[in-house]
Every structure is written in structure tokens, then in C-alpha cells.
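K.L.:
Letter by letter, the chains look like this.
2 protein chains.
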Amino acid sequence: MLRAGLTRQSSAGIYSWLPLGHRVLQKIEQIVREEQDRAGAIELLMPTIQPAELWRESGRYEAYGKEMLRIKDRHERDMLYGPTNEEMITEIFRAGAKSYKDVPRILYHIQWKFRDEVRPRFGVMRGREFLMKDSYSFDLDKEGAVKSYNKMFVSYLRTFARMGLRAVPMRAETGPIGGDLSHEFIILAETGESQVYCHKDLIQMPVPPQDVDYQSDLTPYVRQRTELYAATEDVHDPKRFAQEVPADMQLSARGIEVGQVFYFGTKYSEAMGAKVQGPGGELIAVEMGSYGIGVSRLVGAIIEASHDDAGIIWPQAVAPFDVGLINLKVGDADTDAACENFYGQLKAAGLDILYDDRDDRAGAKFAAMDLIGLPWQIIVGPKSLKAGEVELKERATGDRHSLTFDAALNRLIAAAEQARKEAA
Amino acid sequence: MLRAGLTRQSSAGIYSWLPLGHRVLQKIEQIVREEQDRAGAIELLMPTIQPAELWRESGRYEAYGKEMLRIKDRHERDMLYGPTNEEMITEIFRAGAKSYKDVPRILYHIQWKFRDEVRPRFGVMRGREFLMKDSYSFDLDKEGAVKSYNKMFVSYLRTFARMGLRAVPMRAETGPIGGDLSHEFIILAETGESQVYCHKDLIQMPVPPQDVDYQSDLTPYVRQRTELYAATEDVHDPKRFAQEVPADMQLSARGIEVGQVFYFGTKYSEAMGAKVQGPGGELIAVEMGSYGIGVSRLVGAIIEASHDDAGIIWPQAVAPFDVGLINLKVGDADTDAACENFYGQLKAAGLDILYDDRDDRAGAKFAAMDLIGLPWQIIVGPKSLKAGEVELKERATGDRHSLTFDAALNRLIAAAEQARKEAA
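Chains as they are written, first to last, in numbering that gives the first Met the number 0: chain A, 0 to 423; chain B, 0 to 423.
Same shape as in the complex, but just chain A (with noise of 0.2 Å):
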């Protein structure tokens, strides 16, 4: 990532993300904005500083350990930058919500956050500031509950298939949040930080459809992918991996998680009174879940999942633009005007292009383009325009084509329309 221009580091595990690498981010924070708000949850936005009081309530406060970035503002008072946002959320619900009539309700935030770990590593992968969707779910009872908590299930599948990705959910340890319910969401990548076990069956099934119905009975979604075993390290058993799955469907991996869903009941609720009246007048805690998506974590992990020895491999939905633009004999005065030419048709077609115009050896720039990864490249030299055409390669496969112009436009155009559709 620093060598293809996404990112620079700050200080150890603080990135600052670079035009390239920013454009990406923006293109998977809005797939997570989209397949949320389809979900029906609602987004917010949290400031990244918050009151200590507020974990004094839930107890976090001491229990949070040295991860938690604490500050002291000028007056004194204990503050820290929020590595989550449970007791934020609740304090914010228990304001607004009074009646059994305000549930169920799922809010959304998209935020900086920070963890102060003592060995940063892996990149933007396990950065102290990081960017993370978080949702949270309040419900009058634990169906409801689980009603939510399926509905994130299903929404997460959809989120990162639009990525280009294949994320497996697999049971796990719920942590420092505590709860009874949890499922990472888990991409396979060697590279990956943990070894995780799963039916092999899991890796290719389809992905919940675009119009699915979040108002209907989600289970048989989460069924499908929970009767089969998948599990990450920290709750592996061999024993029973090795009963329930057929020793040619066991696949044990590297994986890296990129989404967790958590239940956790009235943990915060009870501690913190976010309680509404019943339909009797009853006063209920209700009964919490938490969703994390990791957002800048994604753009190394996509990385690892999709590359090859000449660099990054983007898929099309993520990609920083849909093609890049090479002109081999800058200050030639016809192939300069030809690729100005090419780049007005390109843009006037609702692409985005990245035009390298700089002065240097072709080798050099079609490394350049290939380690930054775009899906297209077409390739503009004097030689090529004599006989009327240009260059057309796709990243992914190697493939290289001489075709006219209008022939790689109409082939990108036809590229771009196929991935807006399998994206929607």
C-alpha cells in the first residue's frame, strides 16, 4: 500500500490515507452506507471523544485496560477517544426512546476510532486509528433481538460480496463486549493473522439477493451458513470438526476477520437504565446487539485477497478508477492529442480515469499501473495509433488486445454497466 501511493504512515499505526487509497475508502464506506440503510438501519454519527462518566456506568471504564487512548482535557477532566461506542449509544437511546413503540430500532455510525495497541502491525490491517462501522440493536425481548442480529447477518453477506469478497461467518469469542452470540465475518487470505476451520461448502454459496425482504424471516439465510462448522481459532474444536465434516470438506485456513456481530442481551441496558415501558407499563431493559465493519481494515484485506506478484488486483466496485490511461511517447504531439481525446470520450461516458502523462520508460509505467491495480489499462503509443487502434488490457487475466478506440470503450462501458448491476 505504500508503495502504490494509498497510504503514508503518521506514526506507528496512524496512516494518512493518500488520493489513491482515499478513493478506495470512500468506495467501501458508501457499500456499507448502502447495504446498512437497505437493512433499515439507521446512520448517526458519534464524536471520536468521549466523558469518561460515561464507562464509569458500564464499569468499562478500569476494566478497558491500556488499549483505551485516556486524555485529560485542560480542565481536568478525564476523556479518551472512543475504541468503541456501546455506552455512547445507549446513553443516546435512553434518551430518545420511552415506549415499547420505539423499538426495534438499529443506529449506525461511521467513525474514527482508536486503540492504542502496543504493537501495531500489519498496516492499515491493525492500525491504532482506524475507521469502523459500528450498529447497534435495541429490542423489547431476545426474538427481537435475534430478528436484528439476523438482519446484520444477511445485510453483511451482501456488504462484502459487493466488495469482490467471499466473507464466511464463523462463531467466535465475544470478548472484551461480552454476550452469548457472536459471529466474525472471516475472508480467507495466506496472509491472514489466524488459522480458522470451516466446511468447505461455506466458501461458494450465493449471496442473499439485492431485493431481499429485511421485514421477512431471515433465519433460513443464517441457518444455511450457521448448521455448518466454521470457527475460528480461539473456539476451535477438533473434536467436533472432525466428526461434523467430511475429511474432504474440512478446510483449515488463514483468515482475516473483517466484520463481527455481536448479542449481547441487556448488559448495557441494565447497567446503564436503558429501559422503555412495556405495552402493560412495565418498564423493560432492552435487549442489545452489536456490528462492527471493519472500513480501513478492508483496504488491506481486499489487498490480500486479490493480488498477484505484480501488485494489486482491485475488483471493479472498489477500485480508485475504472481505468487507467498510458500515453508511451509524452510531448508527441499526435499521441498527447489522442489520448486528451481518448480521456474526454472516457470521461463523458461516466468513467474515471487515471491518466499517466508522466515522462517515463513504458516499462517503468506499465509496472506502475499494474502494481496500482486498476481493472483496465489502455495503452496509447504512435505505433498502435498509425494502424488506428489501441491497447486494451485487463488486469486481472493479463489480457492484451489491439482494438480500435471505440471498440475499448465500448468494451469498458459494457465492463462498468456489468459491475453496477452484480453490485446492486
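Treat the hints with caution; some may be incorrect.
Unchecked claim - Computed cross-link-like contacts, DSS-like style, restricted to lysine-lysine with a CA-CA straight-line distance of at most 25 Å:
1) B:Lys385 <-> B:Lys346
2) B:Lys100 <-> A:Lys328
3) A:Lys26 <-> B:Lys112
4) B:Lys112 <-> A:Lys65
Hints were generated in silico from the structure; no laboratory data involved.
Fit chain B to the supplied structure of chain A, relying on the hints for placement.
P.N.:
For chain B alone, coordinates are given in the frame of chain A:
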């Protein structure tokens, strides 16, 4: 803002953006982004937490005072929550730019910042954690720097106009960033935080057009505005004001700063060694400027500039929803069905709707909708439905008309279309 459910205070000067407020914040952010892109600025994203060393390089770490939120991480390293980004962007520029061919360049980001004000006040107008767009320009010489300054100057005029604001550029102090050329963009509002003085002609000057060519000479736009007297109280000169502005054209009013542009030369590039190789091989410290827009502050500023006794009057371009749909008889099958039907049709027409289907008194619902301040309201009750009509209310004028739903829908579509044209 609290009463209308836009924000919720988390601690002094720190706010959560509730769903309604967050929609406004996002719309403002997107307008700012579009106008920055149009002016040729390139977006990236710097982190909120910065290392102290950077600020020691420029000499501002000690100088900045208590407004800087200073933090020690778990390894006792000095960090800070960025109040601004001159140092960090200079570091990014010097790492990537080597030659005069790498300039001119304008980089920007939209990120949360923190200034630990002694007494935060005016809600989000002077919060401690706030969202800001800051751009930075890099040029080879002063002439180039002034061109960049003019680009941002003109883009700011367009940015604020698109939000329904008339922002007047006024000569201003350069403050802690330093430098010798600066304008604040001020909107007039009775509750403004400071006194401002200007020539009345500045208020109604036409906005530069959408297709303004940012590569052309923008001096006329800037000169037209800067040759008339306009100053904030810090730099106000009563004698000059009296001499240069005819008595009947003198305007003295309260104002709110929503943006500021600075040219400060080589202050940071010299201190931090941000130099590029000139055409003759010599090293040249780049000429810099910085350009801020208070994105979260604008939410408050727009309300101050556009409200009445009943509440907010959102300009269409930043309204959280286009239209509020009020069901006057929730539970009545015909009224409920009609509202559902209207909702579907409004949505299909591409409008954003806030549907008030709460079981409450008509008066309370009218008051709540006026307070929230959406541009249009459609009021649906059993009596008017029998006559085949609904009521359409325009928030800004208070005009109410009974008409068929189809006629109301056409009116709203036309208004949205008109707003889109004006906005673009």
C-alpha cells in the same frame, strides 16, 4: 438544534449528530467536496492523532497553548489531536514532491479536529470537536500562490451560495497560522459572534457561474470583492470605512465566520524543508496557503441565517428531507392507506420524505414539522381526502394550498428540479 433533534451534547463542546442533523452535515460536506473538486483540489485524508515531533519541527508545539489537546500514548510518546494540519500536509508534500513539475497542487481533506476551548459555546458553532474542510496549496512562487488563493476564494463563493448563504469575504487577521494575506468569509446573522463592517454592494454580488474556468485568470472575481471595504472588527479601521464607503452604503452588522483563506508563503516549507528542484536545478521552498471551511459550524450558521419564531427554514440543498408527510389521523384505515400510497409515489419521484405517523395532536405535529424546517409539508387528513385533496405547505413562506395529490407531487418535483439547477 437540540430541540429539533439534530444533535445531542455528549460533553462540553462535543456533540453527537442525530439522524436528522447528520443528514444535513453530510449534505453540506458533499457540497464542499464537489466545489473543491471542481476547483481542481485533490482530496486525501489525514488522521486525527498527530505526533508531537511534527509540530516541534515548525515550532508550534510549544506555541499553540492550551487549545491543543495533548495526549500521551501507552509508550509515553507525545501525541496531539490535530487542531489544524499545516505541519502534516507539509510533511506529506515534501515526501512526494521533488520537482517544479509537481506544483501547483492543492490538497484538501474533510476531517474532525479538536480545539480545547476554555468555554465552548454557541452549540456546534464553537464546539471543541468539529468537522472542518482544510485545503493547502503549494506553488513555486508568489504569483502561483496568488492564483491558488484566487481559486479557493472563488470556489468558496460558490460553495456558500449553494447552501443558500450569502458569504462576504472580509479582510481578517491571520491569527496563529501566520501570513500576510487573508480573508474571512462572513455570513450576516443577528446572533453573529462578532461585529463586521462592509460596503452594502458586497451582499448581493452575483455568484461565479457553475462553468467558471478555474484555469483562467480569476482576478476580476476577487478584485470586484476586495476593492470594496469589508473588515472584521479585529482589523476594522473606522477612518478608512468613513472615507471609502458612502454613508448610505455603510453596513455594520453581526457576522458569523464560515470560512477563511490564508496565504502565508514559505513559513512552513522553510521550517520543514519542503523544497522542490526548480528548472535550473536549484532548490526552492514552496509558497503555501491554507483554506478552511467549518463544515459542522455551517449547520449552526445556516440555522442562524435562516429561521423564524417557529423554527428552522432549511434551504432545499441542505434540508435533511425534501418534504414532511403529516398523517392527521393515524389509525384511520383510509388516511393511513392514502399516506402509504403518497409516500411511495414521492419516493419513486426521487424525493426524500420524513413521514410523521405518530399518534399525536394535529397542533403538535404541525409545530414539530415547522421546527424541523423541511422546505415542504404535505398534510393528509380524512376531510380533505374526501374532497380528493391534500394540503401543501411551503415552510419558507407559510403558504398553504389545498390541491390534488398529483398536483402537489408535480409542484414538488418542479421545486426539486429548480433547486438542483440552482445548486449546480
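K.L.:
Hints first: check each against the structure and report whether it holds.
P.N.:
Hint-by-hint comparison with the structure:
1. B:Lys385 <-> B:Lys346: Distance of about 24 Å is within 25 Å: holds.
2. B:Lys100 <-> A:Lys328: 18 Å, holds
3. A:Lys26 <-> B:Lys112: Holds: Lys26 of chain A and Lys112 of chain B sit about 23 Å apart, inside 25 Å.
4. B:Lys112 <-> A:Lys65: Since the Cα atoms of Lys112 of chain B and Lys65 of chain A sit roughly 24 Å apart, the hinted pair holds (cutoff 25 Å).
Hint check: no violations occur; every hint is consistent with the structure.
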